[in-house]
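J.: Residue strings, one per chain:
2 protein chains.
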Amino acid sequence: MTNELINATAYSYTKSEALFARASKVIPNGIYGHFNPVTQKPAGTYPHYSERASGARFWDVDGNEYVDYMCAYGPMILGYGNSIVDEAFQKQVALADTCTLASPVMIDLAEYMVNMIPAADWAYFAKNGADATNLAVLIARAATGRKKTIAIGDGYHGSSPWMLAKGRAGVIEDDHANVIRIPWNDVPALEAALDEHSGNIAAFISSPYHHPAFADNEMPADGFWDNVHKLLKRHDVVSICDDVRAGFRIDMRGSNEYFGYTPDLICYCKAIANGYPISALVGSDSLKDAASAIFQTGSFWFSAGPMAAALACLKELNRIDAPALIMSTGKKVFDGMVDIAKTHGHELIVTGMPSMPYMRTVHEDGIAFHQALCGECTRRGLFLTSHHNLFVSAAHTDEDVQRTLDIFEDAFKALTS
Amino acid sequence: MTNELINATAYSYTKSEALFARASKVIPNGIYGHFNPVTQKPAGTYPHYSERASGARFWDVDGNEYVDYMCAYGPMILGYGNSIVDEAFQKQVALADTCTLASPVMIDLAEYMVNMIPAADWAYFAKNGADATNLAVLIARAATGRKKTIAIGDGYHGSSPWMLAKGRAGVIEDDHANVIRIPWNDVPALEAALDEHSGNIAAFISSPYHHPAFADNEMPADGFWDNVHKLLKRHDVVSICDDVRAGFRIDMRGSNEYFGYTPDLICYCKAIANGYPISALVGSDSLKDAASAIFQTGSFWFSAGPMAAALACLKELNRIDAPALIMSTGKKVFDGMVDIAKTHGHELIVTGMPSMPYMRTVHEDGIAFHQALCGECTRRGLFLTSHHNLFVSAAHTDEDVQRTLDIFEDAFKALTS
Numbered sequence: 001m002t003n004e005l006i007n008a009t010a011y012s013y014t015k016s017e018a019l020f021a022r023a024s025k026v027i028p029n030g031i032y033g034h035f036n037p038v039t040q041k042p043a044g045t046y047p048h049y050s051e052r053a054s055g056a057r058f059w060d061v062d063g064n065e066y067v068d069y070m071c072a073y074g075p076m077i078l079g080y081g082n083s084i085v086d087e088a089f090q091k092q093v094a095l096a097d098t099c100t101l102a103s104p105v106m107i108d109l110a111e112y113m114v115n116m117i118p119a120a121d122w123a124y125f126a127k128n129g130a131d132a133t134n135l136a137v138l139i140a141r142a143a144t145g146r147k148k149t150i151a152i153g154d155g156y157h158g159s160s161p162w163m164l165a166k167g168r169a170g171v172i173e174d175d176h177a178n179v180i181r182i183p184w185n186d187v188p189a190l191e192a193a194l195d196e197h198s199g200n201i202a203a204f205i206s207s208p209y210h211h212p213a214f215a216d217n218e219m220p221a222d223g224f225w226d227n228v229h230k231l232l233k234r235h236d237v238v239s240i241c242d243d244v245r246a247g248f249r250i251d252m253r254g255s256n257e258y259f260g261y262t263p264d265l266i267c268y269c270k271a272i273a274n275g276y277p278i279s280a281l282v283g284s285d286s287l288k289d290a291a292s293a294i295f296q297t298g299s300f301w302f303s304a305g306p307m308a309a310a311l312a313c314l315k316e317l318n319r320i321d322a323p324a325l326i327m328s329t330g331k332k333v334f335d336g337m338v339d340i341a342k343t344h345g346h347e348l349i350v351t352g353m354p355s356m357p358y359m360r361t362v363h364e365d366g367i368a369f370h371q372a373l374c375g376e377c378t379r380r381g382l383f384l385t386s387h388h389n390l391f392v393s394a395a396h397t398d399e400d401v402q403r404t405l406d407i408f409e410d411a412f413k414a415l416t417s
Numbered sequence: 001m002t003n004e005l006i007n008a009t010a011y012s013y014t015k016s017e018a019l020f021a022r023a024s025k026v027i028p029n030g031i032y033g034h035f036n037p038v039t040q041k042p043a044g045t046y047p048h049y050s051e052r053a054s055g056a057r058f059w060d061v062d063g064n065e066y067v068d069y070m071c072a073y074g075p076m077i078l079g080y081g082n083s084i085v086d087e088a089f090q091k092q093v094a095l096a097d098t099c100t101l102a103s104p105v106m107i108d109l110a111e112y113m114v115n116m117i118p119a120a121d122w123a124y125f126a127k128n129g130a131d132a133t134n135l136a137v138l139i140a141r142a143a144t145g146r147k148k149t150i151a152i153g154d155g156y157h158g159s160s161p162w163m164l165a166k167g168r169a170g171v172i173e174d175d176h177a178n179v180i181r182i183p184w185n186d187v188p189a190l191e192a193a194l195d196e197h198s199g200n201i202a203a204f205i206s207s208p209y210h211h212p213a214f215a216d217n218e219m220p221a222d223g224f225w226d227n228v229h230k231l232l233k234r235h236d237v238v239s240i241c242d243d244v245r246a247g248f249r250i251d252m253r254g255s256n257e258y259f260g261y262t263p264d265l266i267c268y269c270k271a272i273a274n275g276y277p278i279s280a281l282v283g284s285d286s287l288k289d290a291a292s293a294i295f296q297t298g299s300f301w302f303s304a305g306p307m308a309a310a311l312a313c314l315k316e317l318n319r320i321d322a323p324a325l326i327m328s329t330g331k332k333v334f335d336g337m338v339d340i341a342k343t344h345g346h347e348l349i350v351t352g353m354p355s356m357p358y359m360r361t362v363h364e365d366g367i368a369f370h371q372a373l374c375g376e377c378t379r380r381g382l383f384l385t386s387h388h389n390l391f392v393s394a395a396h397t398d399e400d401v402q403r404t405l406d407i408f409e410d411a412f413k414a415l416t417s
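Going down the list, the sequences are from chains A and B.
If you're matching positions, the first sequence starts at 1 in our numbering and goes up one per residue.
If you're matching positions, the second sequence starts at 1 in our numbering and goes up one per residue.
Keep in mind that the hints are not guaranteed to be accurate.
What the hints assert, rightly or not - Chain A regions said to be covered by chain B (calculated; three or more residues, Cβ under 8 Å):
hint : stretch
1    : 28 to 34
2    : 266 to 276
3    : 293 to 303
Claimed, not checked - Derived DSS-like pairs: lysine-lysine, alpha-carbon spacing no greater than 25 Å straight-line:
hint : chain 1 : residue 1 : chain 2 : residue 2
4    : B       : 315       : A       : 25
5    : A       : 41        : A       : 413
6    : B       : 342       : B       : 332
7    : B       : 41        : B       : 413
8    : B       : 342       : B       : 413
9    : B       : 41        : B       : 25
10   : B       : 413       : B       : 331
11   : B       : 25        : A       : 315
12   : A       : 41        : A       : 15
13   : A       : 91        : A       : 315
14   : A       : 342       : A       : 332
15   : B       : 15        : A       : 91
16   : A       : 91        : B       : 166
17   : A       : 15        : A       : 25
18   : B       : 91        : A       : 15
What the hints assert, rightly or not - Some residues of chain B that are not near chain A, with every Cβ distance over 10 Å (derived):
hint : residue
19   : 34
20   : 55
21   : 218
22   : 351
Since the hints were derived computationally from the structure, they do not count as laboratory data.
Here the structure is a predicted model, which is why all the values come from computation and not from measurement.
Beta carbons: idealized from backbone N, C-alpha and C, even for Gly.
Put together the whole structure using the sequences plus the hints.
T.: As structure tokens, then:
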């Protein structure tokens, strides 16, 4: 297989490029937001449009096949076209989906999450991950009567203006007036911020471990979360865990459980319903009155189909112990890649959890070599981005893993020969 | 039928109430946001949960049947379970829905909207109506380098803190620092605001006509939009049409066309895909660079299923000339209701467009009588809210209309006898 791959003509993207040219006429940037292909380098190594998907693989519009390590940037934790989730969705939609009244499945889902997640006494559902993080901050402000939020410097909590980096187009200074940014793993910085703004801090928001784009991911240092929570408690500050990206990939009870701490609020989205659009905020009883006092809503927040999908997805993730499974698959894949890189004289750095690691190659050319490597993999059928977490799913089979490593080796050979 | 209805025992809500009690333990307010049943008065006249839905009707968990005039608060413009939209959705999802790459259907949808809507040169898709209004304001800020937005006093543009009324729990003064509110139809107030903040106003956002909750809806006065746009042009301010609620219920080319004006940006959501979750912002070429410069994204913004549903929905709405059809159905329904009220010695005031009117009864008890009337209708099988726009769909048949008027008459008799 190896020889065949090396000798194979790399994928061509004729139809992708033609579609992108059409798209650029009627869509800003052709494709906007985190799917914008400008981040996929070198130019010409990536396709832009998918035609169909199944399990851990998808096919682009030119018919090229990929073993996929993005899982749609997180959601497809059970793989594409998972029949258990899809059937639960279709069964509910055949009865009612978006309707004038809420659906009983909303209660089933809330009860299931409250039973599963120790930190959760209630649940609130929305659509975007940013809906959940915005809800969390609003509830913290309502509960404390305070207005400021502390966040990690390059932590990502959605694309609302207050969460976007300063200097991004359209973002104004006032958007950041009530956001204080501190470095990851820096307890003294948190303490200084809490002291400086004593009585004005409503919330501290952070992912359970630090997983920025374009940078190595970082685990919490020993005692970090303990020390953080002692400080938050002393200052009566609401602790928000943004588990939008890592949720259900580390621990079904909340990624915070793995790291040994208990936040007041946890934000979920991404993998909660295997691709059907729903996000959730869960929280403690102490914040239920505040959560009841705020007003937040959306046109499709009560759609029953995605709720039924979420319930089926969470049950299936529990049944197969998905976090352990995808962690184990991830370890096989990325340990294998590290070994292959080593045999070619390169150091591959893999950080973060094996179920959604961040990967880079140590090279004198900086990110350019790693971009070339990911590009060479992609145009051979192994879809990898060079700047973002990768995602493993429960649908990645041993055959997928073997193909992954074969292509990775071929790409390395092509690049270094 | 009339006698049978009068003599019928009104609906009971045993299962709804039991479910709501369960929900209240694990969900803030039991049901939060705009579906919160606290707005449905008098207590006991409304169900809380739907079991299934079809065409213009739905059935609650106690098995009670309703002719529905809420259409899920707007989305279900072709009625529940429309086979054309549902099949387009399912066909796409069987290939790929949420995936690592965008889908070609995104381009088809953008092209279709650009062809259909004269003000549109491009389209940007998201999930919530508030995503579209937030996108619009961000683009206006990016384009103008200014930070303030003018909005109508009680206009609703989603539940982001800057758009929520001051004093709502969690909303702080800073959220409103860059929002200036003026009364509807008040050109001098707009002029005064533009003069006072000359050079600092990025955008003016408004629905095409004024449709607040809890108040009569108001049409634009003669020359209003002309005068508004002369002022906006003079001050280089971006004109945002929030067509989230009225979109595709007045004019497929944009509700602004019906009222004879051309905004720079139009926000859509609600009825765009007959209940599948997608929103859209469309805009003029002059703002495409700004729309390309901003960064906005979301976990499910590229899901192909809702895009295929939107494309099928818009085509079907055009095929049947849905705005004319539902306007005509709405006229039959609400003219009929006005006549029935008159025969019972009551004045029913219907404002706004007949496809989504606001209704109230003139009565010395104020809103209480109208609430009682809507409650009596609902518990007989005609679902009406007393405080919000009602929505007519293309699925409302002559039989639905006749049943509507029969129940309305019965409710009036029960209330006034």
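J.: Among the hints numbered above, which are violated by the structure, and what are their numbers in rising order?
T.: 16 and 19
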